[in-house]
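Asker: Next come the chains, spelled out residue by residue.
Protein chains: 2
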Amino acid sequence: MSTTPSTTWERLRAHLHTTQLIGGIHSSLYFDQNTVMPAAAAGWRGEQLALLAQQLHERQTSAAYQELLAAAEQELSAEAPAEQRHNLRLLQRELARQSRLDPALVGAIAKAQAEGYSCWQEAKRNNQFELFAPALQQLIALRLEQAAQLAPVEAQADGTPRSAWEILAQPFEPDISQQQLAALLVPLRELLPPLLEQARSLPSGSREAWDLSEADQDSLCAELLQDWGYNPERCHRARSPHPFSCTLGPDDFRITTRVVEGQPFSAFLATAHEWGHSLYEQGLPRSGEHWFPWPLGEATSMAVHESQSLFYENRLGRSQALARRWHPRFAAALGRDVWESPQAFWRDLNPIRAGLTRVEADEVSYGLHVLLRYELELALVEGGMPVAELPEAWNRGMQELLGVTPANNTEGCLQDVHWSEGLFGYFPSYALGHLISAQLSETLERELGPIEALLEAGRDAELGQWLQQRVYPLGRSVNAAELVQQVSGQPLSPEPFERYLRQKLERLAG
Amino acid sequence: MSTTPSTTWERLRAHLHTTQLIGGIHSSLYFDQNTVMPAAAAGWRGEQLALLAQQLHERQTSAAYQELLAAAEQELSAEAPAEQRHNLRLLQRELARQSRLDPALVGAIAKAQAEGYSCWQEAKRNNQFELFAPALQQLIALRLEQAAQLAPVEAQADGTPRSAWEILAQPFEPDISQQQLAALLVPLRELLPPLLEQARSLPSGSREAWDLSEADQDSLCAELLQDWGYNPERCHRARSPHPFSCTLGPDDFRITTRVVEGQPFSAFLATAHEWGHSLYEQGLPRSGEHWFPWPLGEATSMAVHESQSLFYENRLGRSQALARRWHPRFAAALGRDVWESPQAFWRDLNPIRAGLTRVEADEVSYGLHVLLRYELELALVEGGMPVAELPEAWNRGMQELLGVTPANNTEGCLQDVHWSEGLFGYFPSYALGHLISAQLSETLERELGPIEALLEAGRDAELGQWLQQRVYPLGRSVNAAELVQQVSGQPLSPEPFERYLRQKLERLAG
Numbered sequence: 001m002s003t004t005p006s007t008t009w010e011r012l013r014a015h016l017h018t019t020q021l022i023g024g025i026h027s028s029l030y031f032d033q034n035t036v037m038p039a040a041a042a043g044w045r046g047e048q049l050a051l052l053a054q055q056l057h058e059r060q061t062s063a064a065y066q067e068l069l070a071a072a073e074q075e076l077s078a079e080a081p082a083e084q085r086h087n088l089r090l091l092q093r094e095l096a097r098q099s100r101l102d103p104a105l106v107g108a109i110a111k112a113q114a115e116g117y118s119c120w121q122e123a124k125r126n127n128q129f130e131l132f133a134p135a136l137q138q139l140i141a142l143r144l145e146q147a148a149q150l151a152p153v154e155a156q157a158d159g160t161p162r163s164a165w166e167i168l169a170q171p172f173e174p175d176i177s178q179q180q181l182a183a184l185l186v187p188l189r190e191l192l193p194p195l196l197e198q199a200r201s202l203p204s205g206s207r208e209a210w211d212l213s214e215a216d217q218d219s220l221c222a223e224l225l226q227d228w229g230y231n232p233e234r235c236h237r238a239r240s241p242h243p244f245s246c247t248l249g250p251d252d253f254r255i256t257t258r259v260v261e262g263q264p265f266s267a268f269l270a271t272a273h274e275w276g277h278s279l280y281e282q283g284l285p286r287s288g289e290h291w292f293p294w295p296l297g298e299a300t301s302m303a304v305h306e307s308q309s310l311f312y313e314n315r316l317g318r319s320q321a322l323a324r325r326w327h328p329r330f331a332a333a334l335g336r337d338v339w340e341s342p343q344a345f346w347r348d349l350n351p352i353r354a355g356l357t358r359v360e361a362d363e364v365s366y367g368l369h370v371l372l373r374y375e376l377e378l379a380l381v382e383g384g385m386p387v388a389e390l391p392e393a394w395n396r397g398m399q400e401l402l403g404v405t406p407a408n409n410t411e412g413c414l415q416d417v418h419w420s421e422g423l424f425g426y427f428p429s430y431a432l433g434h435l436i437s438a439q440l441s442e443t444l445e446r447e448l449g450p451i452e453a454l455l456e457a458g459r460d461a462e463l464g465q466w467l468q469q470r471v472y473p474l475g476r477s478v479n480a481a482e483l484v485q486q487v488s489g490q491p492l493s494p495e496p497f498e499r500y501l502r503q504k505l506e507r508l509a510g
Numbered sequence: 001m002s003t004t005p006s007t008t009w010e011r012l013r014a015h016l017h018t019t020q021l022i023g024g025i026h027s028s029l030y031f032d033q034n035t036v037m038p039a040a041a042a043g044w045r046g047e048q049l050a051l052l053a054q055q056l057h058e059r060q061t062s063a064a065y066q067e068l069l070a071a072a073e074q075e076l077s078a079e080a081p082a083e084q085r086h087n088l089r090l091l092q093r094e095l096a097r098q099s100r101l102d103p104a105l106v107g108a109i110a111k112a113q114a115e116g117y118s119c120w121q122e123a124k125r126n127n128q129f130e131l132f133a134p135a136l137q138q139l140i141a142l143r144l145e146q147a148a149q150l151a152p153v154e155a156q157a158d159g160t161p162r163s164a165w166e167i168l169a170q171p172f173e174p175d176i177s178q179q180q181l182a183a184l185l186v187p188l189r190e191l192l193p194p195l196l197e198q199a200r201s202l203p204s205g206s207r208e209a210w211d212l213s214e215a216d217q218d219s220l221c222a223e224l225l226q227d228w229g230y231n232p233e234r235c236h237r238a239r240s241p242h243p244f245s246c247t248l249g250p251d252d253f254r255i256t257t258r259v260v261e262g263q264p265f266s267a268f269l270a271t272a273h274e275w276g277h278s279l280y281e282q283g284l285p286r287s288g289e290h291w292f293p294w295p296l297g298e299a300t301s302m303a304v305h306e307s308q309s310l311f312y313e314n315r316l317g318r319s320q321a322l323a324r325r326w327h328p329r330f331a332a333a334l335g336r337d338v339w340e341s342p343q344a345f346w347r348d349l350n351p352i353r354a355g356l357t358r359v360e361a362d363e364v365s366y367g368l369h370v371l372l373r374y375e376l377e378l379a380l381v382e383g384g385m386p387v388a389e390l391p392e393a394w395n396r397g398m399q400e401l402l403g404v405t406p407a408n409n410t411e412g413c414l415q416d417v418h419w420s421e422g423l424f425g426y427f428p429s430y431a432l433g434h435l436i437s438a439q440l441s442e443t444l445e446r447e448l449g450p451i452e453a454l455l456e457a458g459r460d461a462e463l464g465q466w467l468q469q470r471v472y473p474l475g476r477s478v479n480a481a482e483l484v485q486q487v488s489g490q491p492l493s494p495e496p497f498e499r500y501l502r503q504k505l506e507r508l509a510g
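Read top to bottom, the protein sequences are chains A and B.
Here the first sequence is numbered in the numbering used here, starting from 1 and rising by one per residue.
Here the second sequence is numbered in the numbering used here, starting from 1 and rising by one per residue.
Keep in mind the hints are simulated off the structure, nothing from the lab.
We treat Cβ as the ideally placed atom computed from N, Cα and C, and that holds for glycine.
Each hint should be verified, as a subset may be incorrect.
Which chain A residues face chain B? A few, computed with CB under 10 angstroms, are given here [what the hints assert, rightly or not]: (1) Leu21; (2) Gly24; (3) Phe31; (4) Pro38; (5) Arg254; (6) Glu411.
Calculated Cβ distances over 10 angstroms to all of chain A for the following chain B residues [said to hold, decoys possible]: (7) Gly43; (8) Leu91; (9) Glu122; (10) Ala133; (11) Gln156; (12) Gln170; (13) Gln180; (14) Glu452; (15) Arg470; (16) Arg507.
Partner residues are not named here, just some residues of chain B that face chain A (Cβ under 10 angstroms, in silico) [to be verified]: (17) Asp32; (18) Leu51; (19) Leu150; (20) Cys235.
Next up, chain A with everything else stripped away, as it sits in the complex (with noise of 0.2 angstroms):
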């Protein structure tokens, strides 16, 4: 790119600079609500946060941007580099996605979440799910009218259209198809229920319950940060209601954690997950066309994210390794040792039992979490299921998926926020994350050795440098399929999860 700061390039770059700079203020608000803001202050912050959304939206959609954009198409050379061609290519098509909807339809999409949310929040509370089912009935119709006006710009590569469903999950996962669901995800209908019943005869943990104060949940969070290469020159971390990661800037990464009485090992991997995700960002493309401003230097995906946090917290964090690690330091901290041996303090940090609830799932439920969601989106958005239907339907999966049935609604299909604001798309990404992970994590040990040993040695930075090498510099530039790909030579699958899975089992059995 060229250095002189009057070429449409340079115009261009300090446009996309100046709405990160915005993006990055957006992002300051949101953590300093979600931290610290008292609460009478949520009116006059929901106002804040409206002003700088329509000052990203005016910025991402003028006529003035659309002609710098068009003029730097004209202005690039044939021997421009492919990145730079790259990047005008996901501007164009971003540009192209926000100008196609009608903005009557982006206003009444705002309205209809902040009613959705609104009336989930009192059908929850009261376990009415007549209190929500209008609202969401009318979210269904706004995104469906959404995905029509989009439907001409989100073809496929090939011309074939997208569902629907395809459609609305592109902003969390792009290029994703039902035909790769399919593939991926229905699988996990077969084999994680019998995973679940051999579970069933594991031995368990502690002796006895315990918990640990505050304090000292937050010391042995901060030294976990600590051994992981926390950086407080350019990290923050902070107490929240859920636990959440950001990036306010290239230099500016939080990472928030909360404390859950009677569940003693939620901050602690919590804080190994939002690090995860943390680390992800912060090894993202910094030079060249890629980073701040350019879109090949954010993140790519919703499953890539989560593949990031859940390595660190699963596949490190609920190691055997940082067991044998973890466990005089957690004895120390509860001033008795409740466990004995580190494989019963190994057993307690892998909890493995169908339950109710999705965000509190260990690893061989959490699939099946999703894959109802995930079916029960297709049946209301593309299969013409009347909301009413609902929760029977929810009822009905959960017996059939996880031998369980919520006792009431409210511990049933409204326990999630997503469909509260027309989220829908969005569930998937958390399953394939899962997947991802255990087929990097199967690259990184043929190239390096098995993780466990690794751990065991202390090489937990090696660890993390092969993360920083072969996947966070890809940005943008490749999809997660393509991702996965490029990283372990083969296309995903959900065969290493299960190899993962199984020896797991295995293991906590021994």
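Mind docking chain B on chain A? Use the hints.
Answerer: Just chain B now, with coordinates in the frame of chain A:
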């Protein structure tokens, strides 16, 4: 004001509302930067703040805004409330100020401030005044140019022109004049040194040096705020390198403190001080033509703001009654009683001795630190004193006023940040705050009885209510001098402050 959103007045309100939203975003980023932002993010955050400052400037000076103000004036009927007229006058005045300044000068000042701050840091670190002198000379020249450009719109109400220093002081202290300061501050030159001399014979406080852990200081600060009506629904307290208070929105008030090793009252008194600032902001007028986003709903001056923080820090926090209340709490936190009597604890809260540093100065010597700076500013800005003579003039002044001489310029004329950014006209407000606080306190005591007796009876809330009813609602409807006249029925004078100090010294000796 009309409630129809289509009137000029409604459009003006909407414009100001959005300006306040952006101002609040700026404050949020500032708060984040000074409490939790990692160091490496400074550059990116600087760009974000500059972008918001640019948006604010644009909104406050654009042709569209000028037309809106002009139209609002046109629309103003003869029966319009006086407040409406007053708001308009304040907006027009600010616009005139912004419009008079040559944008090239504004840019040059911003650049000189950045350079000045950087040179000052270097000069202070290395105790080399010469490293800062050229930048200071440059800042003075630019500020003189600024004063010259503003002179036509900064004349007094009767047309008398203001001096350069007075013009620079207007943003901090509206309507301040050298004549007023001669009557208010110069008497301190005679009053305070004998009081300082008198304080040399005061008995000491604790028997031994003592300190408290961060956690203990933190809980004592939390307890203090709880006693004084801290509401976590609208407030948030954090840590920062320098204590401050800031308002992020109409229902979002933040204060910060720091723990200083070896100064175990520092966080406690700073908490009281910042809480006083915050309560003033929380109590600003909220209805009619006043509150967000109108100017009349804003704080009126730095001195009034400071008077409110000093009331909580000195009149309450350092009172004998509070000492009796907090002596057992501090002794409990410390695990032993190093004072043996509330009176000794109270003396510990009120050390009075001449020192080198303004920010560590007690109530008696503080005014002398300010007087020195005020006289030096006049000499530099209006008296043609060469910058090279500043160190010697500073040291001579310290010896004359306080009887101490800095060992070097780092603890001498380089100690404060203000001049490094060319902030002239700011210091006197600090000292005026002491005078205003004393005069308002006398009025309060005339109406409610002695503060000590009210505190002794646990009637802290009544003290707060008095300020909430008599002082806070005035907003910008009066300047500092008018506020004092209106509340106390007398012109502002140094006499109540003198009476307060004499009485305090007598009691400390008793």
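Asker: Take the hints in turn and mark each one as holding or not.
Answerer: Hints versus structure:
1. Leu21: With a minimum Cβ separation of about 5 angstroms from chain B (threshold 10 angstroms), the hint on Leu21 of chain A holds.
2. Gly24: With a minimum Cβ separation of about 6 angstroms from chain B (threshold 10 angstroms), the hint on Gly24 of chain A holds.
3. Phe31: holds, 8 angstroms
4. Pro38: holds, 5 angstroms
5. Arg254: holds, 8 angstroms
6. Glu411: Violated, because the Cβ-Cβ distance from Glu411 of chain A to chain B comes to roughly 30 angstroms (cut-off 10 angstroms).
7. Gly43: violated, 8 angstroms
8. Leu91: Correct as stated: the minimum Cβ-Cβ distance to chain A is 21 angstroms, above 10 angstroms.
9. Glu122: Its Cβ never comes within 10 angstroms of chain A, the nearest being 21 angstroms, so this holds.
10. Ala133: holds, 33 angstroms
11. Gln156: holds, 37 angstroms
12. Gln170: Per Cβ check, Gln170 of chain B is outside 10 angstroms of chain A; nearest 30 angstroms; holds.
13. Gln180: Gln180 of chain B is indeed farther than 10 angstroms from all Cβ atoms of chain A, at 37 angstroms.
14. Glu452: holds, 33 angstroms
15. Arg470: For Arg470 of chain B, whose nearest Cβ neighbour in chain A is about 25 angstroms away, the distance exceeds 10 angstroms, so it holds.
16. Arg507: holds, 39 angstroms
17. Asp32: Hint holds; Asp32 of chain B Cβ to chain A Cβ min 6 angstroms, cut 10 angstroms.
18. Leu51: holds, 5 angstroms
19. Leu150: Violated: closest Cβ of chain A sits about 31 angstroms from Leu150 of chain B, beyond 10 angstroms.
20. Cys235: holds, 6 angstroms
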